[in-house]
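J.: Just so you know, the numbering used here puts 67 at position 67 of the sequence shown, and the rest follows in order with no gaps.
A few of these clues could be false.
Said to hold, decoys possible - In silico lysine-lysine, DSSO-like type, Cα no more than 27 angstroms apart, as pairs:
| id | residue 1 | residue 2 |
| --- | --- | --- |
| 1 | Lys25 | Lys135 |
| 2 | Lys40 | Lys130 |
| 3 | Lys55 | Lys127 |
| 4 | Lys55 | Lys123 |
| 5 | Lys55 | Lys25 |
| 6 | Lys123 | Lys135 |
| 7 | Lys25 | Lys40 |
| 8 | Lys25 | Lys130 |
| 9 | Lys130 | Lys55 |
| 10 | Lys123 | Lys40 |
| 11 | Lys40 | Lys55 |
| 12 | Lys25 | Lys123 |
| 13 | Lys135 | Lys55 |
| 14 | Lys40 | Lys127 |
As the list claims (entries may be wrong) - DEER-style ranges, computed between Cβ atoms:
| id | residue 1 | residue 2 | range |
| --- | --- | --- | --- |
| 15 | Leu163 | Gly138 | 22 to 32 angstroms |
| 16 | Phe177 | Glu27 | 27 to 37 angstroms |
| 17 | Lys40 | Glu106 | 21 to 31 angstroms |
| 18 | Phe142 | Ala39 | 55 to 65 angstroms |
| 19 | Glu27 | Leu163 | 45 to 55 angstroms |
| 20 | Ala50 | Arg155 | 50 to 60 angstroms |
Bear in mind the hints are in silico, worked out from the structure with no lab data behind them.
This one's a predicted model, so the numbers in the text were calculated from it and none came from an experiment.
Glycine residues also receive a C-beta, built at the ideal position from the N, C-alpha and C atoms.
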Amino acid sequence: MKRLIPLLLCLVLLLSGCADQHIAKMEVDGVELWVDTQAKTISDGENVYAYTLEKQNGLETEVTIRYPDGVIYRRVFSIEVYVELGDTVVQPEPQDQGTYTGTFDESRYVRGLTLARAAYSAKGMLKEQKETLGKGIGFSIFGLLIAAWGIFMLRQPEDVWHLNHWHSVSGGEPTQFFLDRCYVGGIISIILGGIFVISGVFKLFSLL
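Based on the sequences and whatever the hints tell you, model everything.
T.: Put into structure tokens, the structure is as follows:
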């Protein structure tokens, strides 16, 4: 039991370290994509596409996608058409208003509008991922602290009694009722702590 909490803490730190702070993972139009906001690339697991974002004015942003075969796709987004819908990110439009330079190979690559939505939405998704990372770490550490207190209550109930009465009792001893209550409270604390840790670890795993 003494080794369990340090091991869980190491797991939490390892998972939080593995969560990349500049890669946004998302699903757009049913396609799973990874957007690297530092390298300005998008990966679908097989192909890597380069992209650029250029603000034309206060309301519009031009997204340029460069395919591995040299084909270029351009699409202008305005604030009005950007609607965030959870993992879907941007609301589908009736038709693609972007343009291709060259011949697009639909059988090999992800369509331009899907990639452009991913690039345009990446910063917002990264913000959500950072919030999830913070919650995951917070839940995990809070759970570990509760569980550690529960273990302390189970193993050292007399010390818990002395902590509770150090200012009001001198030379006394805990009753059996207090010891039993410490036992029950310790078990409950360990269970609650475990729930928080599991919830936090799941949040961290979702970022991998």
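J.: Each hint needs a verdict: does it hold in this structure or not?
T.: To see whether the hints hold, each was checked on the structure:
As the CA atoms of Lys25 and Lys135 are separated by approximately 17 angstroms, the hinted pair is consistent with the 27 angstroms bound. Between the alpha carbons of Lys40 and Lys130 the distance comes to roughly 19 angstroms, so the proposed pair stays at or under 27 angstroms and holds. A threshold of 27 angstroms between alpha carbons decides the hint, and for Lys55 with Lys127 the separation of about 20 angstroms falls inside it, so the pair holds. A threshold of 27 angstroms between alpha carbons decides the hint, and for Lys55 with Lys123 the separation of about 14 angstroms falls inside it, so the pair holds.
This hinted pair checks out: Lys55 and Lys25 have alpha carbons roughly 23 angstroms apart, not beyond 27 angstroms. Between Lys123 and Lys135 the CA atoms are separated by roughly 19 angstroms; this keeps the pair inside 27 angstroms, and the hint holds. Of the pairs offered as hints, the one joining Lys25 and Lys40 holds, with about 14 angstroms between alpha carbons and a cut-off of 27 angstroms not exceeded. At roughly 12 angstroms between alpha-carbon atoms, Lys25 and Lys130 fall within 27 angstroms of each other, so this suggested pair holds.
Pair hint Lys130 plus Lys55 holds up; C-alpha atoms about 25 angstroms apart against a cutoff of 27 angstroms. This hinted pair checks out: Lys123 and Lys40 have alpha carbons roughly 12 angstroms apart, not beyond 27 angstroms. Restraint check for Lys40 and Lys55: satisfied, since their Cα atoms lie roughly 15 angstroms apart, inside the 27 angstroms limit. Taking the CA atoms of Lys25 and Lys123, the gap is about 11 angstroms. The hint holds against a cut of 27 angstroms.
For the given pair, Lys135 sits about 32 angstroms from Lys55 by alpha-carbon distance, which is inconsistent with the 27 angstroms threshold. At most 27 angstroms may separate the alpha-carbon atoms for a hinted pair to count; Lys40 and Lys127 meet this at roughly 17 angstroms. Under the hint 22 to 32 angstroms, the C-beta atoms of Leu163 and Gly138, about 26 angstroms apart, fit the expected range. A C-beta distance of roughly 55 angstroms is found between Phe177 and Glu27, which places it outside the suggested range of 27 to 37 angstroms.
The beta-carbon spacing between Lys40 and Glu106, approximately 24 angstroms, falls within the hinted interval of 21 to 31 angstroms. About 35 angstroms separates the C-beta atoms of Phe142 and Ala39, a value inconsistent with the hinted range of 55 to 65 angstroms. At roughly 50 angstroms, the beta-carbon separation of Glu27 and Leu163 lies within the given 45 to 55 angstroms, and the hint holds. A C-beta distance of roughly 58 angstroms is found between Ala50 and Arg155, which places it inside the suggested range of 50 to 60 angstroms.
Consistency with the previously given hints fails for numbers 13, 16 and 18, ordered from lowest to highest.
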